[in-house]
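J.: Chains S and B supply the protein sequences, listed in that same order. The first sequence begins at 2 in my numbering and counts up one residue at a time. The second sequence begins at 3 in my numbering and counts up one residue at a time.
Take these hints with a grain of salt, some might be off.
Unchecked claim - Derived lysine-lysine pairs resembling PhoX-like cross-links, with alpha carbons at most 25 Å apart: (1) S:K49 - B:K174; (2) B:K155 - S:K49; (3) S:K119 - B:K239; (4) B:K239 - B:K217.
Simulated from the structure, these hints should not be mistaken for lab results.
Next come the chains, spelled out residue by residue.
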Amino acid sequence: MNRGLTKNVDNRPVTSYISPPSGLPELELAEVWRNRDIILILALRDIKVRYKQSFAGIGWAIIQPLLTMIVFTAVFAGLVTVTTHDSPYPLFSLAALVPWTYFIHAITKATGCLVLDKNLITRVYFPRLVLPISAVIGGLVDFAIAFALLVIMLFFYSSMPTLKIFLLPLFLLFSMLTALALGLWLSAINVQYRDVNNALPFFAQVLMFVSPVAYPSSVVPERWQMLYALNPMATVINGFRWALLEDQPSPGIYSLISVAVVLVALIGGLYFFRWQEDRFADVV
Amino acid sequence: MSSENHAIVAEGLGKSYWVGGHQLIDSMGMHALIDRALKSPARMFNKWLSSQNTTSQYPEFPGHMKWALRNVSFSLDRGEVLGIVGHNGAGKSVLLKLLSRITRPTEGHATLQGRVGSMLEAGTSFHGELTGRENIRLSGAILGMRRSEIEAKMDQIIGFSEVEEYIDTPVKRYSTGMILRLGFSVAAHLNTDIMLIDEVLAVGDQRFKRRCVDKMRNVAKSGKTVLFVSHDMDVLKQISDRAILIREGSLIMDGTPEQVVEEHLKDTGSA
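All chains should be modelled from the sequences, with the hints used to inform the complete structure.
T.: Below is the structure:
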């Protein structure tokens with residue numbers, strides 16, 4: 002029937018149906034997977050562009066968490082004292098700042114991605130989900146560089162990692178999914194209401210205070226712990242500390258609450274994004 | 003719905019846009035909207051409901067619905083080359099945007115059998131900080147080429163664009179002509195079953211323009227199904243098997259290129 006047609010990447014002939022949007026959109030994640038080349042190439046583009054005309058270059062990936070760690074150490078280990086479960090405060094805070102910096106970077110990039118690439122959206126067709134996904138993946142390069150700094154710090158404090166470190170990728174993956182879940186909602190809203198971009202820095206600041214970046218989540222009273230776990234970044238940070246440092250409490254059973262929050266936000270975000278997607282080219 | 007030999011079947015395609023600002027927000031201002039919504043939520047909800055499915059003008063709001071394209075039906079056999087004729091703003095580009103899935107129709111539907119490639123605008127996916135070569139990879143991937151395909155065609159693409167000397171220089175140092183040439187060159191090396199081509203793509207000086215048109219002619223003769231928008235009536239008559247005329251959003255003629263061009267020129271008043 003489809004003799005003579007060129008095949009798609011996975012050797013299927015292609016038929017496209019074009020119709021007005023109606024009802025619940027299909028997610029078409031298989032199509033996103035077929036276009037994974039674009040995800041990688043866009044992520045590479047963002048990385049190249051970010052460092053091409055910059056003097057400090059990849060140093061920026063280190064400068065931000067490093068300076069924040071120094072300030073935090075001066076304030077929370079010098080001026081006021083915060084318990085750290087016997088870890089040196091610089092290590093304690095850096096183990097949180099590395100995933101935190103990645104997370105903020107990823108949601109910022111993801112939120113702006115549709116507007117920044119409106120040239121593409123209005124002129125070429127490809128699955129739009131590719132854009133926020135590539136934003137979240139692109140941030141991993143900065144994460145890797147900042148993580149190298151963290152490893153050096155661990156050596157410096159002769160803190161030997163245990164087998165728990167093998168669970169670290171799980172927490173990294175969880176922070177990626179958290180960033181994507183949020184990014185799907187924010188990027189789609191940002192297409193029509195640029196207010197999102199203005200509110201984002203403030204939102205990030207508030208979120209930092211309700212995340213255990215500068216302090217351990219054990220200072221939160223037990224009866225508030227369930228509420229506290231609604232913030233998935235609490236689980237990410239607790240997970241990073243637990244996997245990398247000695248004597249840190251595990252993220253615990255409440256992390257299941259975080260997982261549930263992210264799953265709901267992610268699936269809802271995917272549908273919301275696909276639903277809004279039809280207007281991107283007309284509205285952006 | 004569609005016979006197997008048809009590469010493209012479009013039935014009653016239509017696209018409307020809201021002109022005169024966003025329906026509620028822009029006509030009232032965000033603050034007024036929130037203010038009114040808080041004071042009389044029920045009335046606002048009704049207004050919002052009535053603004054959802056409207057095709058006519060509402061006196062409360064300055065904006066109104068405008069059909070950029072309406073009730074367009076045609077079918078195209080595999081390997082056929084269809085010329086699309088019409089004035090600026092007639093809806094030709096909207097039709098190409100609908101078929102290439104950049105935007106979705108308001109009504110009607112279409113089926114396309116086979117991979118679809120579009121040569122609509124040259125060099126728009128380029129990023130100034132990246133080199134010509136890096137941009138070829140970026141642009142090729144976004145247009146739907148596989149990585150291996152891009153690498154295999156890299157030399158051809160660079161050769162056709164005539165910017166070999168600057169291919170490893172950031173594109174922001176290119177002249178407009180160079181960017182357009184490189185952009186055209188990437189799009190021209192797409193290999194899909196169905197090609198949607200906008201002739202404004204033929205760019206640059208006379209000599210390069212001629213090469214662009216030659217390239218399009220080759221694509222058209224290579225057995226692909228082609229939709230071809232053109233303002234150059236001579237080129238159109240040479241290339242297409244059939245043509246349609248679009249005027250003010252409606253398809254008003256479907257026939258041989260000669261007939262359609264004649265009708266189009268009658269309206270233009272310049273023969």
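J.: Could you tell me which of the numbered hints above are not met by this structure, giving the numbers in increasing order?
T.: Per hint list: single violation, 3.
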